[in-house]
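Colleague: Hints are included, so try docking the two chains, each in its own frame, into the full complex.
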Amino acid sequence: MLILECPCCGVKAEETELSPGGEAHLKRFGPGSSDEEFEAYMFARKNPKGVHFERWRHAYGCGKWFLAARCTATLEVFGTYPAQTSEPPADIVAKIKAKRPDWKGYK
Amino acid sequence: MSTRLARGGRLIDRGAAQEFTFNGKRMKGFKGDTLAAALLANDQMLVGRSFKYHRPRGIVASGAEEPNALVNMGEGGRFEPNQRTTTTELFDGLTATSQNHWPSLEFDVGVVNNYAARFLPAGFYYKTFIHPRAAWKHLFEPIVRQSAGLGKVPKDRDADRYEQAYAFCDVLVAGGGVAGLQAALVAGRAGARVILLEQAPHWGGRAPVDGVEIDGKPAEAFVEAALAELSAMENVTLRTRCMAFGVYDHGYVLAEERVADHTPGDGRPKKRLWRIRAGRIVSATGAIERPLSFAGNDIPGVMLASAVRDYVVNWAVSPGDRTVVVTNNDDAYRTAIALKEAGLDVPAVIDARPNVTGDLPAKARALGIRIETGSAIVKVKGSKRVTGVAIGLQAGEGAAREEIACDAVAMSGGWSPVVHLWSHCGGKLVWDEAAAHFRPDAARPPITHDGSAMVIAAGAANGALPAGECLADADRAGAEAAQALGMKPKKAKAPEAAAPAEARMEPVWIMPQGAGPALRMKMWLDYQNDVKVSDVQLAAREGYTSVEHTKRYTTLGMATDQGKLSNINGLAVLADSLNAEIPQVGTTTFRPPYTPVTIGALAGESRGDIFQPLRRTPMHAWHEAQGAYFEPVGLWRRPYCYPRAGETHEQAVHREVTNTRERLGLLDASTLGKIIVKGPDAGRFLDMLYTNVMSSLPVGKCRYGLMCNEQGFLSDDGVVARIDEDTWLCHTTSGGADRIHAWMEDWLQCEWWDWKVYTANVTEQYAQVAVVGPNARKLLEKLGGMDVSREALPFMQWADGELGGFRCRVYRISFSGELSYEIAVPASEGMAFWKALNDAGAEFGAMPYGTECLHVMRAEKGFIMIGDETDGTVTPLDLCLDWAVSKKKADFLGKRGMQRTYLANPERWKLVGLETLDGSVIPDGAYAVAPGVNGNGQRNTEGRVTSTYYSPTLKRGIAMGLVRRGPERMGETVEFPKVGGGSVKARIVSPVFYDKDGEKQNV
Ligand SMILES: [Zn+2]
Chain U
1 MLILECPCCG
11 VKAEETELSP
21 GGEAHLKRFG
31 PGSSDEEFEA
41 YMFARKNPKG
51 VHFERWRHAY
61 GCGKWFLAAR
71 CTATLEVFGT
81 YPAQTSEPPA
91 DIVAKIKAKR
101 PDWKGYK
Chain Y
1 MSTRLARGGR
11 LIDRGAAQEF
21 TFNGKRMKGF
31 KGDTLAAALL
41 ANDQMLVGRS
51 FKYHRPRGIV
61 ASGAEEPNAL
71 VNMGEGGRFE
81 PNQRTTTTEL
91 FDGLTATSQN
101 HWPSLEFDVG
111 VVNNYAARFL
121 PAGFYYKTFI
131 HPRAAWKHLF
141 EPIVRQSAGL
151 GKVPKDRDAD
161 RYEQAYAFCD
171 VLVAGGGVAG
181 LQAALVAGRA
191 GARVILLEQA
201 PHWGGRAPVD
211 GVEIDGKPAE
221 AFVEAALAEL
231 SAMENVTLRT
241 RCMAFGVYDH
251 GYVLAEERVA
261 DHTPGDGRPK
271 KRLWRIRAGR
281 IVSATGAIER
291 PLSFAGNDIP
301 GVMLASAVRD
311 YVVNWAVSPG
321 DRTVVVTNND
331 DAYRTAIALK
341 EAGLDVPAVI
351 DARPNVTGDL
361 PAKARALGIR
371 IETGSAIVKV
381 KGSKRVTGVA
391 IGLQAGEGAA
401 REEIACDAVA
411 MSGGWSPVVH
421 LWSHCGGKLV
431 WDEAAAHFRP
441 DAARPPITHD
451 GSAMVIAAGA
461 ANGALPAGEC
471 LADADRAGAE
481 AAQALGMKPK
491 KAKAPEAAAP
501 AEARMEPVWI
511 MPQGAGPALR
521 MKMWLDYQND
531 VKVSDVQLAA
541 REGYTSVEHT
551 KRYTTLGMAT
561 DQGKLSNING
571 LAVLADSLNA
581 EIPQVGTTTF
591 RPPYTPVTIG
601 ALAGESRGDI
611 FQPLRRTPMH
621 AWHEAQGAYF
631 EPVGLWRRPY
641 CYPRAGETHE
651 QAVHREVTNT
661 RERLGLLDAS
671 TLGKIIVKGP
681 DAGRFLDMLY
691 TNVMSSLPVG
701 KCRYGLMCNE
711 QGFLSDDGVV
721 ARIDEDTWLC
731 HTTSGGADRI
741 HAWMEDWLQC
751 EWWDWKVYTA
761 NVTEQYAQVA
771 VVGPNARKLL
781 EKLGGMDVSR
791 EALPFMQWAD
801 GELGGFRCRV
811 YRISFSGELS
821 YEIAVPASEG
831 MAFWKALNDA
841 GAEFGAMPYG
851 TECLHVMRAE
861 KGFIMIGDET
871 DGTVTPLDLC
881 LDWAVSKKKA
891 DFLGKRGMQR
901 TYLANPERWK
911 LVGLETLDGS
921 VIPDGAYAVA
931 PGVNGNGQRN
941 TEGRVTSTYY
951 SPTLKRGIAM
961 GLVRRGPERM
971 GETVEFPKVG
981 GGSVKARIVS
991 PVFYDKDGEK
1001 QNV
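Taken in sequence, the protein lines are chains U and Y. Position one of the first sequence corresponds to residue 1 (the UniProt record's numbering), numbered consecutively onward. Position one of the second sequence corresponds to residue 1 (the UniProt record's numbering), numbered consecutively onward.
Please note that a few of the clues may not be correct.
What the hints assert, rightly or not - Sample of chain Y residues with no beta-carbon within 12 Å of chain U, all distances over it, derived:
{"no.": "1", "residue": "G451"}
{"no.": "2", "residue": "S452"}
{"no.": "3", "residue": "M454"}
{"no.": "4", "residue": "K493"}
{"no.": "5", "residue": "G516"}
{"no.": "6", "residue": "R663"}
{"no.": "7", "residue": "V693"}
{"no.": "8", "residue": "E710"}
{"no.": "9", "residue": "D746"}
{"no.": "10", "residue": "K835"}
{"no.": "11", "residue": "G872"}
{"no.": "12", "residue": "G894"}
{"no.": "13", "residue": "G897"}
{"no.": "14", "residue": "D918"}
Said to hold, decoys possible - To give a feel for the contact side, a few chain Y residues facing chain U, derived at Cβ under 7 Å:
{"no.": "15", "residue": "H449"}
{"no.": "16", "residue": "K888"}
{"no.": "17", "residue": "D891"}
Because the hints were derived from the structure by calculation, they are not lab data. Note that the coordinates shown come from a computational prediction; the quantities given were computed from them, not determined experimentally. The beta carbon of each residue, even a glycine, is placed where N, CA and C say it ideally should be.
So that you can see chain Y by itself, here it is in the shape it has in the complex (with noise of 0.2 Å):
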């Protein structure tokens, strides 16, 4: 069993105990532990169930690579899924539940898959989906449905907070291992801005664990003395419990630090995400064991053996009674000889190499440990817990020489440096025979905006694994980034460290080398995707070749510890699978983040409310008191409508249409853009900007007008203003304004550069009212002042003045077919003017309206809404609107794109109107259909519904649309299938339904 030992436990405080529960069950734990040491502290071995078999799985490891022991976490609007117990801290009251079970944790049904193992081999995801489909369909969906996935997600809204931070330095240091410490030491020395992140909640890394002396002390006085130096620097920054996982362009690096983590509810964010911008980034990362290839090495109680050793030295906790060490290198020594020194029991060390020469091994006999040299692992015994191992010979098939009895399997294959920030934009790994691990190749850094190397490694993480190593190459990290900034490190001695001499470790990728077909498939390779040595090796015979193809068909890798402990392993198997050398088959590709990063975190304070910036015209406090239905345009939030009491949407907005066209309507327009265009070429440049002529068009008068994108499709329409000789003021549409603006930009600033044009976007400093209708009129000569007569202000004219005391601009132009005023006012002015309008207004029957009835106003005139009738293919001679377009201009933008061949062909759909038969409204997006099928078996179509609305106007159905050779085929009917079934039958046309002369709108 596993169990807390009585004395030791250089993390934890054994004077604060801590109250906590699993799957319900209360246990005890103390201050320092993490959920993973506590429940080991409980004899909680088993914490879940694996993605495909729902094998039973234990804790593994010690950090952040645990791929096994993911648990969900607190409930309500804490719940939290797939959080790894070996970097969750310990606090009174955490609640957690093991996942990917059914029922329960110790009877699930989906371990039936298990046993169906060779019916669910590598692709089998792929395999099925191609055939038989009823099978997939059928069988294996939904036992799949029930049995995948991890945690479940939260249901309720998240009740904490995250925030987000910048911060900039001239040395990033991630890690504070011994390595970071002393980079960052040196860096600091030096003068350099240094940022030192530290995943856990404390410093000093592997070091201290493994009893590491530095100057002839202690690890532990090292990480003291160091830290304490640093905190005395202003120019050091520190953090702790904040994992740096993804380095971008340019020294841009993300971060994420687990602030409330521990303490939820205190009122602190729960995770701060940190946006840096550093100079150099030193990755002082570590190293990280990989576990070996041996049948059942996924069964509770087998571990890595620096996990094992962090539990009993870090957290007094004994993984088991009984622990057999297996390994083909020395540094797994250390596990036997701290289990010993606890007074636990080491049966044996199988040690796969048949020489053992090292001081750790000569330390362990010393202790009187059994060493097995040569020997395998053949199988491990047990089911929910190891019960004890077969061993035989490393370069034997298998068979088992002796059992013996134990409840806890400490392995290691090796170290693998942890080179994920390395390699995050580009950095080059380099094979390294002799420890047989990939590490970061000095030559190909990924480099920074100037070409120099972005990222410096450092230590373990470099592939400097002994400590002696270690130290001088992380002091070498911090004196090259310091340098390479400019700055000069001081000249001290790197400190020493001193440690065992260990002797050559031997690859070992399948554990006995000759393991036959049945032990293979009990090797488990990924443990939380349950992949194992038979897929890969099934995989390179169906002829993957490549590792990222292999990594997708066999799913190696790609669970959420995204194959830390199972990458290097699985590659070396793949390579001798297709008889390669392991640096010719290479490595996936490393991607951030380095763990898994909370949405919440990446999102910051940018939810609900404040998700994105939200326009406001100067009137939006007016048209929220009056219960206005909003809509968003852009980022403008306008009212869709003014619903009174008792009215739907629909029936107000019939209401407002009836109103405008009979009476008075105001109209919040201040959304609509402005742009003034100025110089002595400002004429010239809009007739590039117009498919039309802008110049020509006299002071005080306007102009409607269309621009195109270099394809000849419509990009956005407008009136256009005269203000003076050489000043133009443009409309474009509400969400059109800084698309337009940057538009003319682009062409002011890259291609006519040398002509005198100036452009401003101003329409947030008006405030514009459209007062539409036939008491438009009479309103305006209630308020006073300015003439607004027919003969002093015909229609598509302006003129500058003053209403009711209000300075402002009158456009007479008109978006409904009414007798129309488009009133601009300085936007501190808005709100007031609107009042005075609405209460000046009352007696002529005033009511503002929204944005719905601008639509169904437009739609009965036939005029187009850019969106609706252009979708970014459509030009204006699609929308027979060749009267906008000039035919004298030598050229505008969009000209030469008109000019293409198959924009003139005659079939091309055109904009009619469509009167439905029956009266009904087509539905929105509906096609007309053709007879006859496509090669695709569907049916034909000849056209599609643009702008669709209930006429209150004309009480029917009307719609535009775009219809194959429409113009010329007036008066016939086209259908238009509904989703429902059924369709709606409908005559082609003119799309101008009311007021076909435009009397109404000239008087």
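Bound conformation, chain U alone (with noise of 0.2 Å):
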């Protein structure tokens, strides 16, 4: 059961209390999208076996959505963010590359 801290309440919410809500940072297609944009916007999900950008949604808590960056293989949390950011932030990614020196970056 992760612990994953709650950036909105401050809480360490164990995972009882949060409902997960798949990849974070996925941009939306609406009208006007090609079949392939919106094929991905719908189906393609990231699946590595590493680090990963997840949103998680504070359920019995705050209710606040949040972000959070942490390693699917390991389970170690590199960090979590509100839900507003449209990428990871830069502390984030600083600490991610520094202990996984061959990551490839979020995108």
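Modeller: Now the structure itself:
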């Protein structure tokens, strides 16, 4: 059972308090987008063994969504940050690069 | 025979005799006995039958690793199968029976499988599943069904209760042997909050049995002093009978405490599940001795050498009068010495090593014990009990040079550290060549949230087997755990343990080394699942190279003991067969739980009435008092109908429909989801959420709306009311409020976070009542207050006001097609309001109605129901709801999804009404068949029923369904086969069966 610190209320929340929301930093494609763009938005998801950016909601706490950077293989958490963030914050990226030199970046 | 010794027994209280029964036979033991010890004291070595061949099975071990001695415990509501006698504490009045035999333990018919052993080789199940089919059905299955399985499933409801507890600590120490005690001392002295768990009812582990001396005193003195010091520390919690059985993410540990297993019926919970969050976990779980693979090593009387020693020293039980010890290491000599010192006969120690030089063998020699070096047990004699052993050269092929009479064999193939807790979360192992075992690789530990090591292995569990190394290692582990959490361990000298020097062990995987097929077929690896050396070798010959595949193919290690004794021997045999090194073959995955955990403990208090939370409307008690028949809707319970005396549910529903259509019905609609959406951007937001336009809805009016997911499939529907300039109230389905509220929040927080919108789920703030039927207005006018006339409050409008003194909000909306008011009042006033409506409504024929009546009436009107007409693959266009999907809006959730080409395919199944030709009701879920068959030879289909009811209004069966090109095929007939044969023919019609022009609701 993971523990993730909710960046909104500061609680170190246990997994039972959280609901998962899949991959973070997806770009929404609406009307006018190509089939390929829409397919990628709707269905194509990263499934790395390693660094991953995810959406979580502090569902049984403050109710806020937030984002987490963690390693899917070791469950190491590199950081959590507000959902209102378009790409991973620089400090978290730097931390990941220091710990995982072969990491190719979040895109 | 096995018997109780006249003296000794460090764990038993000879003053406290305990009576128990085994298979109905009365037996006696002492307080402090395990059931296994007490059985042996009563010369009951034979305790069960093996899984496949029904071979006689005796007690092998003295702890959690026991594969054989599983029994049914207790009776009635306290019956429990598969209880390990080696960890079951004896108590007065205990009843146990053996399992997996028929008709009796002594004479078992299933043993015929034993003679058919060559027909039941590795992969038996897989092979017979494939071919021949007839043989499986008529020959194998009946036999396997009769003979397979261990304990019986309990028939009665569990009479016991179970509880769960949460705990938090800095350092959790699993294992209360000397290593665990020392690690806990070091961490505790450093100020860490420590929890120390021990699976047994007593502390100290093996050290006291093995005669270890610590700082010049017997191990018991160290244990006592350590416990005294730990008990005095406020930051340390000690628990015995508590097994840490699983390590999970980020320091989460589950442990099962056997609270009242040994005191059944005393009112305490039987078990307590501990859910512990620890900063660091010290795994001081010790090591388990390995059997040796020689022919007949499964015959009752063949035991682990350490277990024999445990029975003698701990419980003063001698497993045999004459015990042959067979070993590849020095440690087993402790058993020979212990037996000799207890006055028992040890005819010989059979040592596979050519040179035997250590201190312990020297002591054995001095005691006059004969030692046969470079030797092997070629074969064990006996069937239900060992009668002797034939011995020969370990380097040979199995020629026997001598037979030695004995009634017990104590075997030791070396020790394997218990690495389970280390491995559960991904800790890696390293193969220790010298000790021939896997031990934790400190360089590759399981890690926790910050990337640091989560588990620290200590003592024997870390491969530090000799007592001296073990204590030093535990001291280091305790300090490491405290340091990792920022605490400073006190500088103190680690206690020093003295033990005789041990010479190197030599791995022996098969005994003798060159044994032929006949012997290998009698060498058991997995006693419970009947897997032999020959089975693993056969699997290797058949191409199995992965240890995980071999495990599943042969079922090695898949029994309730999870291969605690068999895994390493099995994979060594596999490696040998593959000409590979053991570390290359690797181990199977260690998964929690370490030992079986009672489901009751995992469920805890969550059973019966409190299995899950129950949501009640403010009027729930009234419905109950009225004898309503409830159905679950999400976590709500809603009245399905209100049956009167002598009425079936069906009759009640028909009465409720007719009464509502003709007079007046009252529905508790409080469960309807109610979400306030407010703010300057609320209209814009709702336009994205709903398929139609909500921003243009005038204040005071209501509009029906649909919500889709991004794929364009329907997800919810409901009526939206515009409350004021920047406030909307969205009704959702009864089960959908939480989900839709979360959906709204997701988009507001994660996509359009700059939009100024606030949402609140106010579902439970209001009680809501639907007042439905031709007399609805009369009732409200009688209550008096606000103007509810057609002119003042037309259809699809709402108004705030007062009725009968209740503050209320009245919506003119209808889900039944009748004149209908849905009235919301504060939840606290719901019951009073409901009663007032029922009382005042009596003269107008008011009756409460339930959800089934609601369903029938909406189906008569052709209104869709989310979850009936939709299943996550249905678009609004499939349901002919084009009118509710905006063509003007540039964007809304699901718009792009709906534009996918296949959703525009004219062949899609679309919503129609279905009218049966004979007036009967189409079975729920029925499919309409089309000519021809598909690629699988199944009948083609062209539609399915989504809602089907008997309509009391039309006095016939009506249905809604999705049919290929349905709306274009009005008047055509489609056919629905029934499960029991035959079919129902139905005509495709409009889904609106009743009041097609909507005149009734608009009066
Ligand atoms: Zn929070």
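Colleague: Does each hint fit the structure? Answer for all of them.
Modeller: A quick look at each hint next to the structure:
1. Interface exclusion of G451 (chain Y) from chain U breaks down, the closest Cβ pair being 4 Å apart, not more than 12 Å.
2. For S452 (chain Y), the shortest C-beta to C-beta distance to chain U comes to about 9 Å, within the 12 Å cut-off, and the non-interface label is violated.
3. With a closest Cβ-Cβ approach of about 9 Å to chain U, M454 (chain Y) is found to fall inside the 12 Å limit, against its non-interface label.
4. Distance check on K493 (chain Y): its Cβ is at least 36 Å (rounded) from any Cβ of chain U, clearing the 12 Å threshold; non-interface status holds.
5. Chain U leaves G516 (chain Y) outside its interface by the beta-carbon criterion, the shortest separation being 46 Å against a cut-off of 12 Å.
6. Chain U leaves R663 (chain Y) outside its interface by the beta-carbon criterion, the shortest separation being 45 Å against a cut-off of 12 Å.
7. Every C-beta of chain U lies more than 12 Å from that of V693 (chain Y), the closest at about 15 Å, which supports listing it as non-interface.
8. Chain U draws E710 (chain Y) into its interface by the beta-carbon criterion, the shortest separation being 6 Å against a cut-off of 12 Å.
9. Interface exclusion of D746 (chain Y) from chain U breaks down, the closest Cβ pair being 6 Å apart, not more than 12 Å.
10. Residue-level check passed: K835 (chain Y) sits 35 Å from the nearest beta carbon of chain U, beyond 12 Å.
11. For G872 (chain Y), the shortest C-beta to C-beta distance to chain U comes to about 14 Å, beyond the 12 Å cut-off, and the non-interface label holds.
12. Distance to chain U contradicts G894 (chain Y) as a non-interface residue, since its nearest Cβ pair spans about 10 Å, not more than 12 Å.
13. Non-interface status of G897 (chain Y) relative to chain U is broken: a Cβ of that chain comes within 12 Å, the nearest being about 7 Å off.
14. With a least beta-carbon separation of about 45 Å from chain U, D918 (chain Y) lies farther than 12 Å from that chain, consistent with its non-interface assignment.
15. Annotation: interface hint on H449 (chain Y) holds; nearest CB of chain U at approximately 5 Å, less than 7 Å.
16. Against a cut-off of 7 Å between C-beta atoms, the interface hint on K888 (chain Y) is violated, since the closest Cβ of chain U lies about 12 Å away.
17. With its C-beta approaching chain U no nearer than about 5 Å, D891 (chain Y) sits inside the 7 Å limit, and its interface hint holds.
Consistency with the previously given hints fails for numbers 1, 2, 3, 8, 9, 12, 13, 16, ordered from lowest to highest.
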